[in-house]
Amino acid sequence: MKKKILKELLEWLKVLAIACAAALFISNVIVVNARVPTGSMEETILPGSRVLVNRLAYLADKPQRGDIVTFYYPDDEDTVYLKRIIGLPGETVEGIGGMVYIDGEPITEDYTSQELNSDFGPFEVPSGMYFVMGDNRNNSWDSRYWEHKFVDESKIIGKAEVEYFPQMKRLR
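Position 42 of the sequence shown, counted from 1, bears residue number 43 in this note's numbering, the numbering being contiguous throughout.
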């Protein structure tokens with residue numbers, strides 16, 4: 002009887018160990034679960050929302066304009082931010098008269114209805130770096146204001162793909 006109980010207990014421990022290992026692997030290699038603490042990405046993502054971040058999104062592709070990414074903040078690598086990529090390597094980004102311009106051309110931004118309340122730039126994005134902004138343009142601490150203005154590609158954790166709380170929606 003004791004052998005049977007011990008055998009069953011060992012089977013349960015094995016299942017539990019495999020489940021824990023799988024959970025650790027998924028959270029450290031594949032997906033990050035993030036909580037959005039501020040309103041810098043409103044109206045796209047509200048404060049308190051929970052999002053899933055795909056750590057593998059940029060294994061084969063480079064980050065693109067419009068991607069929402071999590072990354073280590075350039076001026077304090079213990080802090081993680083969530084912003085939208087606006088400027089790509091080699092581009093010049095500036096804000097004039099309420100609009101964002103890339104290489105002198107206005108960009109279409111269907112993810113925000115907010116106009117800039119102040120001009121910025123021009124900033125030339127170095128190779129391997131990205132210029133990021135929050136969708137809540139007039140209430141976002143982003144590349145426009147940082148001492149080190151650009152996010153190094155190696156500091157990007159992943160691409161925010163899905164908001165699952167308080168509502169389920171695919172992010173774009």
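Hints are not guaranteed to be accurate.
Said to hold, decoys possible - Cut-off 25 Å, straight-line C-alpha distance, at most; resulting in silico cross-link-like pairs (SDA-like, lysine to any residue):
| # | residue 1 | residue 2 |
| --- | --- | --- |
| 1 | K156 | N140 |
| 2 | K63 | K15 |
| 3 | K63 | D76 |
| 4 | K156 | A35 |
| 5 | K63 | V81 |
| 6 | K63 | N34 |
| 7 | K170 | S114 |
| 8 | K156 | N55 |
| 9 | K63 | L17 |
| 10 | K63 | T109 |
| 11 | K156 | G49 |
| 12 | K63 | P90 |
| 13 | K156 | V81 |
| 14 | K170 | R56 |
| 15 | K63 | R171 |
| 16 | K3 | K15 |
| 17 | K170 | E44 |
| 18 | K156 | G122 |
| 19 | K156 | D77 |
| 20 | K63 | H149 |
| 21 | K63 | E92 |
| 22 | K63 | I103 |
| 23 | K156 | R171 |
| 24 | K63 | G49 |
| 25 | K63 | D153 |
| 26 | K170 | E92 |
| 27 | K170 | P38 |
| 28 | K156 | I103 |
What the hints contain is simulated information worked out from the structure, not anything from laboratory work. The structure displayed is predicted, hence computed values, not measured ones.
Checked hints:
1. K156 <-> N140: holds (23 Å)
2. K63 <-> K15: violated (39 Å)
3. K63 <-> D76: Cα-Cα ~23 Å, so holds.
4. K156 <-> A35: holds (16 Å)
5. K63 <-> V81: holds (20 Å)
6. K63 <-> N34: Distance ~22 Å between K63 and N34 Cα, so the pair holds.
7. K170 <-> S114: Roughly 19 Å between the alpha carbons, so the hint for K170 and S114 holds.
8. K156 <-> N55: holds (14 Å)
9. K63 <-> L17: With Cα atoms ~37 Å apart, K63 and L17 exceed 25 Å; violated.
10. K63 <-> T109: holds (20 Å)
11. K156 <-> G49: holds (24 Å)
12. K63 <-> P90: holds (11 Å)
13. K156 <-> V81: holds (10 Å)
14. K170 <-> R56: Roughly 18 Å between the alpha carbons, so the hint for K170 and R56 holds.
15. K63 <-> R171: holds (20 Å)
16. K3 <-> K15: holds (18 Å)
17. K170 <-> E44: With a Cα-Cα distance of about 13 Å, the restraint between K170 and E44 holds, given a limit of 25 Å.
18. K156 <-> G122: holds (23 Å)
19. K156 <-> D77: Given that 25 Å is the threshold and the Cα spacing comes to 11 Å, the pair holds.
20. K63 <-> H149: holds (21 Å)
21. K63 <-> E92: Roughly 15 Å separates the two Cα atoms, so the pair holds.
22. K63 <-> I103: holds (18 Å)
23. K156 <-> R171: holds (23 Å)
24. K63 <-> G49: violated (28 Å)
25. K63 <-> D153: holds (12 Å)
26. K170 <-> E92: Given pair K170, E92 is violated - Cα atoms ~31 Å apart, limit 25 Å.
27. K170 <-> P38: holds (18 Å)
28. K156 <-> I103: holds (23 Å)
In this structure, the hints that do not hold are numbers 2, 9, 24, 26, in rising order.
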